[in-house]
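Chains as they are written, first to last, in the working numbering: chain A, 1 to 290; chain B, 1 to 262.
It is worth saying that the hints were derived from the structure and are not from the lab. Fair warning: there could be bad hints in the mix.
Unchecked claim - Under the rule of at most 27 Å between Cα atoms (straight-line distance), these lysine-lysine pairs were calculated in the DSS-like manner:
#, chain 1, residue 1, chain 2, residue 2
1, A, Lys175, A, Lys142
2, A, Lys175, A, Lys194
3, A, Lys83, A, Lys16
4, A, Lys155, B, Lys134
5, A, Lys194, A, Lys25
6, A, Lys175, B, Lys134
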Amino acid sequence: MTDQAYNFAYLDEQTKRMIRRAILKGVAVPGYQVPFASREMPMPYGWGTGGVQVTAACLTPDDVLKVIDQGADDTTNAVSIRKFFQRTADVAVTEATAEATMIQTRHRIPEQALTEDQILVYQVPIPEPLRFLEPRETETRKMHSLEEYGLMHVKLYEDIARHGSIATAYAYPVKVEGRYVMDPSPIPKFDNPKLSDCAALQLFGAGREQRIYALPPYTQVVSLDFDDHPFTASKAPHDCDLCGASESYLDEVIMDDAGGRMFVCSDTDFCASRRAEGHVGRLGAAEAGK
Amino acid sequence: MSRMETLTTPLLQVEHLTKRYGTRIGCADVSFDLWPGEVLGIVGESGSGKSTLLSCLAGHLTPDQGRVIFDTRDGPRDVLAMGEPERRRLSRSDWAFVHQNPRDGLRMGVTAGGNVGERLMAVGARHYGDIRAKATDWLGRVEIAAERIDDRPSAFSGGMQQRLQIARNLVTGPRLVFMDEPTGGLDVSVQARLLDLLRGLVREMGLSAIIVTHDLAVVRLLADRLMVMKGGHVVESGLTDQVLDDPQHAYTQLLVSSVLQV
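Sequences are here, hints too, so could you generate the full structure?
Structure representation (structure tokens):
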């Protein structure tokens, strides 16, 4: 079997139509989880089978694709998905956020503001924000349709009761346009404010759970909180040690077994372009000299 | 609404309520009125249809015939003709349901405070401090120590779980409480404390309640009025003391004489 035996972007056209229908419905009802007939993909569940199907259904031969995993372009998941689409769709790929027309992401939103010409596709493991409190699917569907979201606050209440503050740091629940409560996929809550009023179309695909949902451009997205414990977008209280950025989301890297550590931007493209512009962080010079 | 008007409208009117399971009868042609502040006991042996009746009233089961008219804040309405969103809203705000097994009525993975606060959050409370203060207050009212507020119900004894379930149900100030064997599965000394507590809360809050039980001592203590059921039918009803002290129907006579004397 040769690569030519595959249809453009792996999936057959009927499957893409089916997925596009689900996407259109998702765009029409922001935050609503649309069931779709998820296909078996040539990668394990948990590796972005939902995101890949959404990307495949949206991809055109002129698109420029960027794939990130936890903000990085060069981790296993990102590399394998990028290669998959290079091989099955022969599209141009990039690591630069600004050049991409389509970005598939796992657990991060790029630091650079997105534009109206871009589509951001999220890989979602568990799309149901109420799942861990209410195991029955019939019940959670009813709760969504009747807008009974008191239970979501019980989760936040438990956080404060146990930890003194809302300890949920990722997959922080949001309310979309005052209607549906949505799981924004496991992005850090630092990224939650970027969901709202975003110029790009945001699509969410959950392959194993067979759900697609969407945020059309400029949708209002509010993170849930209490009046006396308001939502805060938290990050490590440091500057990036490579590029010196103070406003980006940071990864902590353990350097040795003597307590040495460094903080670096999780968005590798953001960090690299800042360093190319001449910004240098605390350890940036030493790194460059290596 | 003036007090006179309140007293002229029953809180709950049940008319010819019938539920069949295939050809078998769950409950048949049950009619009664429940007045504000009144506690109605429903007694009968296992399989007499008392739990079916309670489930139909609370909207957990759909009856085949009959009407259930509840005096909502906007006037009397047929509960069975309501849409589901409205009925669920009613069951969060004006109604409460105390299950026999506290595990059915509690979230076992959520702390005591979260359990009590859930109903508050479900009707729109969004201030953590207020929710917690109210939860602490209610734990106190059901005699659970305030320092247990962050423990899960799985760490509680059976009696405490049942009291927690009561606090969770009463925190939003419902007007009608359904109780299905609230003392079932508890030992007698714990039962006595729970009954004492319930009696206090019902009187203090002016609650109306429907209590299903097979324990005649429970209804003697709590209920103003009594209905005796057998084979899905109501065989006798009246004031509690009247029915228990001067039973008219053969089955009621048997039931009363079956109580063991210590």
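Non-conforming hints, listed in increasing numerical order = Nothing - there is no hint that the structure violates, so all of them hold.
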